[in-house]
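S.K.: Taking the hints into account, I'd like the entire structure generated from these sequences.
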Amino acid sequence: MYIFDSIKKEKVEFVPLVPDAVTMYVCGPTVYDDAHLGHARSSLSFDMLFRTFKTLGYEVNFIRNFTDIDDKIIKKMQDSSKSLKEITEHYIQRYNEDMDAIGITHPTLAPKATQNLEAMIEMIENLLKKDIAYKISNGDIYFDTSKDKLYGKLSNKVSDDTLSRIESVSEKRNQKDFALWKACDEKDIVCFEASFGKGRPGWHIECSAMIQKHTKPVDGYSIDIHGGGADLLFPHHENEASQSRCATGHELAKYWMHNGFVQIDGEKMSKSLGNSFFLKDTLKIYDGEIVRFYLSSVHYRNDFNFNEEDLLNSKKRLDKLYRLKKRVFDITAGEPNLEFKKSLLDAMSDDLNISVALSIIDEMIVKSNEQLDLNINDKNAKKEIMANIDFINQLLGFGYQNPFLYFQLGIEPQLAEKIDNLIKQRMTAKLERNFELADKIRDELKSMDINIMDTTNGTLWEKIS
RNA sequence: GGUGCUAUCGCCAAGCGGUAAGGCCGCAGCCUGCAAAGCUGCUAUCCCCGGUUCAAAUCCGGGUGGCACCUCCA
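Position 260 (the first sequence) corresponds to 260 in full-length UniProt numbering; numbering is contiguous.
None of these hints come from the bench; they were simulated from the model.
No false leads were slipped in.
EDC-like mimics (lysine to aspartate or glutamate), calculated; alpha carbons at most 16 angstroms apart, straight line:
#1 K463 - D443
#2 K320 - D362
#3 K315 - E462
#4 K383 - D330
#5 K172 - D140
#6 K54 - D350
#7 K72 - E89
#8 K85 - D71
#9 K284 - D100
#10 K8 - E251
#11 K463 - E444
#12 K213 - E251
#13 K418 - E444
#14 K463 - D449
#15 K76 - D33
Remember, it's a predicted structure, so these values are computed and weren't measured experimentally.
M.R.: Next up, the structure:
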């Protein structure tokens, strides 16, 4: 397995801390709103990594957290007069729904910040004891970045003037210092007890503490891989790494991976630009698997430029897999073709080279259709083809649907019946060699956005997307 | 201002020093009553200018264009 380490900035061979096992931690969402396309892409990228490791035979411990303590959640509480739990549980549920819809494998563990306060408090106490953390007059606790000589090594941001945009708090010892704990008083609605005063944790300490609590360090590292969106490299991951290093004495992660951004028509997707796309909105129009296929089709490290025209084009590629699946649907899977299996896994083992993986699938589809054109009743071929499709699903999460239903999404039963009737009428007309009527019926179906195809197994129909 | 990423066929997109994968679209053909689907064939020398090398889309330098991060952000 080769992965691109975003700290070394090069592709490196993955060597696990513990043989045949991998622990990966990915920064999950802050649950104050619905998931957008960017969340989908991040989940998707690491889902692909998760599946690849598992297919390679690794035992994978995959942790993805929920940040359920945050200023934005507090703002939402104030605006809605709902409790923190009401808000966060609601969005966690909706997040899980969305991820299920696009076929994301469940992580082995999905801890929440609220469940790990003790670990955070412990870590802060530890840092205070070492005089790496300090309290300012309002009770806030800051991390002293000057105490960590390796601070900045991760993101390569070292000089102070590069940080000009960080708001400066007068009592901070260094401009780069960040809050570990934000003090609170009676007025605050989210407030936790700690030996060093009431308050709530800062964002960065959440991940560090959760990793510390849920993993065992090996060879000076807490985990094998730490992942997240490209925007998290600085300051979030830099701060996480520094805290953990200072508190625990070992490095947080052996490898760091960052996925690229989703843009809408070449622009960054953001609320302020008014072009934010919620996954839920997309899923109202398009099937989750189609969204999954589309968002997966660009290498995870590149930025992804989302637009509906490309989505529809990418669907045509998935359609071909399902048309093949239709042709072998009457058979149970045998064993996949070894060469196919190997080349597909090799592609994904090369830093998740999805483009090569997809081209291998296309090649398999063409070959399979050729075989079936030659002999549609070749059972051995069909068994292998079905198994190949199953393998694609295992590794990439595509092709799991009933192929007939895939092409009939959103069609009501009454409409399906009407379509079947029209097809029967056309059949009769064809037998009577009344091609004029047959073509008329076909045109009528077409006007209903239904495409038909005459095959040896009778006339099949598909909804035109 | 600082730090990075990126520029490959009309569109999407691989390539990681050895002579341009794949998909969409288009054209031609096979198949078909005609279609559709499927299959076959055809379609780029890689933003510009220098350099290194036997060999560069791939490395280096300089331009030009696009994007991101440095502020909550996947």
